[in-house]
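Please build the complex by placing chain B on the supplied structure of chain A, with the hints as guidance.
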Amino acid sequence: MPGPGDRFDPVAIRKVCGVETEYGIVLRGGGESNPIAASSMLINAYVSSLRQRVSWDFEDESPGNDARGFSVDGAMPPEVETHLVNAVLTNGARYYVDHAHPELSTPECADAREVVVWDKAAERVLIASMEAAQPLLPAGQEILVHKNNSDGKGNSYGCHENYLMDRAVPFGRIVHGIMPFFVTRQLFAGAGKVGCEAPGTPSSEVPFQLSQRADFFEEEVGLETTLKRPIVNTRDEPHCDAQKYRRLHVIVGDANLSEIATYLKVGTTALVLAMIEDDELPRDLSLAAPVQALRKVSWDTTLAQPLELADGTTMTALDMQWQYLDYAKKYAEARGLEAVGEEVGADVLRRWEQVLSGLETDVMSLAGQLDWVAKYRLFEGYRARDGIGWDDTRFRALDLQYHDLRPDRSLHERLRMERLVGDDEVTAAMTEPPTTTRAYFRGKCLQKWASAIVAANWDSLVFDVGGDPLRRVPMMEPLRGTAAHVDALLEQCASPAELLEQLGA
Amino acid sequence: MAEREQKRKPQPQRQDDEAVEDAPATSEKGEKIKAELDDLLDEIDSVLEESAEEFVRSYVQKGGQ
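Keeping their order, the protein sequence lines are chains A and B. Start counting the first sequence at 1; every next residue gets the next number (our numbering). Start counting the second sequence at 1001; every next residue gets the next number (our numbering).
Only chain A is shown next, with the shape it has when bound in the complex (with noise of 0.2 Å):
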């Protein structure tokens, strides 16, 4: 009889996790917007400067599936829109036009640390994109990008976040697990709003709030992207093995600029995904009202309003991730975390209870590591100083050039927050692929063979060597074709074709 204790055998595999940001897009000086177009121009300015271009497979994307085990084709499941720019990058990543916004997603990560490195590698990517099309725009014209999910009218994009998963896993235990935690998490993963637009809400009553995102979410479990959005997203696309694995598709989540925010938000999900996995939550933490409860958490910046559950108790926001760090720490002494890396896992513990002693004790002393914590001193520092009230429009502005991208404009730039990761590596993730998925593989062969790849998607790559029909390599594992797999027989092929002779494809 295993006792308290004994060490088991991890059964989680490892979250190999990205992220993909829709942006905001502003042409400025050209008139009547059209942000397809300035999305195209942007992306397409920046691909000519690489003077590289490879373009996205469609032919395995299957959004309308849906992870409770049907195929949504009457009920307006997400397009994949073909006709649009579509490139991938030599870092893995994909750069696209998506539903009018430059969208650019991080290539394969093995962890939280690797992500924030591609996410900042990913704006880096959008503002050399700004710099490429500068020259070509009419005099007078600029085209600016945000970093950010709102536009104060109505309109919500998103920061997604994909976390790889045991098929195996029962989806019901989840939904179970994770939605608690997402409701919750956005203590410190918000990035702050000023004003609300959920119905029935003016923004006298909540002048400012915790999450981009609330206000845009209006179901608990669904497959919806674009309205109705659900707390969590059944979108059952892997792109890999669909036998042996799920992809989390997570749309709950606000887009953060600080990297202390953007490492644990995908580490603390990471690792409660894991223990979902491994069926280590042992209380159902289930919110009687889980759509009410997001909102509640967003608008409430005392921290204090407790939240029923569904068992009739009530709880706190901040006593729910406490509970979830707890249960994390006995997890991480039982089982280990491997499944989210190790150092970068209990260096995410350490964080994460940190945070949650700053945000228990003084909020305040945050501000160089949360958004939402840095925009409301900033704010509070302006009403303060000019006697200002929440209804000024210039807390509008001031909401908005926080997520600016332009170095010499970004309010983030300004508050010099805490850093994680180091200026050179990030540059350096620009083009270079992480060495730890199969990522290393699709990036690197586009490296060398650029002009021999006709086609590629997550699971595969399509090369042209010439006479024969095109070849298509299959890439259905995200944890094969890493460095340490690939390397040498990337090294000893002079060329496509014997990298297909060797493959045996």
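The set of hints was computed from the structure by calculation and includes no laboratory data. Just so you know, not all the hints are guaranteed correct.
[Claimed, not checked] What follows is a list of derived Cβ distance ranges for each label pair:
| id | chain 1 | residue 1 | chain 2 | residue 2 | range |
| --- | --- | --- | --- | --- | --- |
| 1 | B | Arg1057 | A | Ala289 | 53 to 63 Å |
| 2 | B | Lys1032 | A | Asp311 | 41 to 51 Å |
| 3 | B | Glu1031 | A | Trp390 | 43 to 53 Å |
| 4 | A | Pro282 | B | Asp1039 | 48 to 58 Å |
| 5 | B | Arg1057 | A | Arg480 | 48 to 58 Å |
We put the CB at the ideal spot given by N, CA and C, even for glycine.
Coordinates of chain B only, in the frame set by chain A:
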């Protein structure tokens, strides 16, 4: 977590309980923090968009995912 003591001040406004003991009204540390923030605000003033009204009014996005 029932045992956890809830030191719940109205957050996130900073409540300098200690300031009551310090005389004069603002502590030296409080002054320094305020001065740093004022410097930051001055710096930010210099990069703010010219017309807040105009920029906020014109910032519209299409809905995404």
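Evaluation of the provided hints:
Judged by the Cβ atoms, the range 53 to 63 Å given for Arg1057/B and Ala289/A is violated: they are separated by roughly 36 Å. Look at Lys1032/B against Asp311/A: about 48 Å separates their beta carbons, and that is inside 41 to 51 Å. Between Glu1031/B and Trp390/A the beta carbons are some 26 Å apart, a value that contradicts the proposed interval 43 to 53 Å. Pro282/A and Asp1039/B have their C-beta atoms about 49 Å apart, which keeps the hinted 48 to 58 Å range intact.
Separation of Arg1057/B from Arg480/A is about 51 Å and conforms to the stated range, judged on CB atoms against 48 to 58 Å.
Taken one by one, the earlier hints fail for this structure at numbers 1, 3, listed in ascending order.
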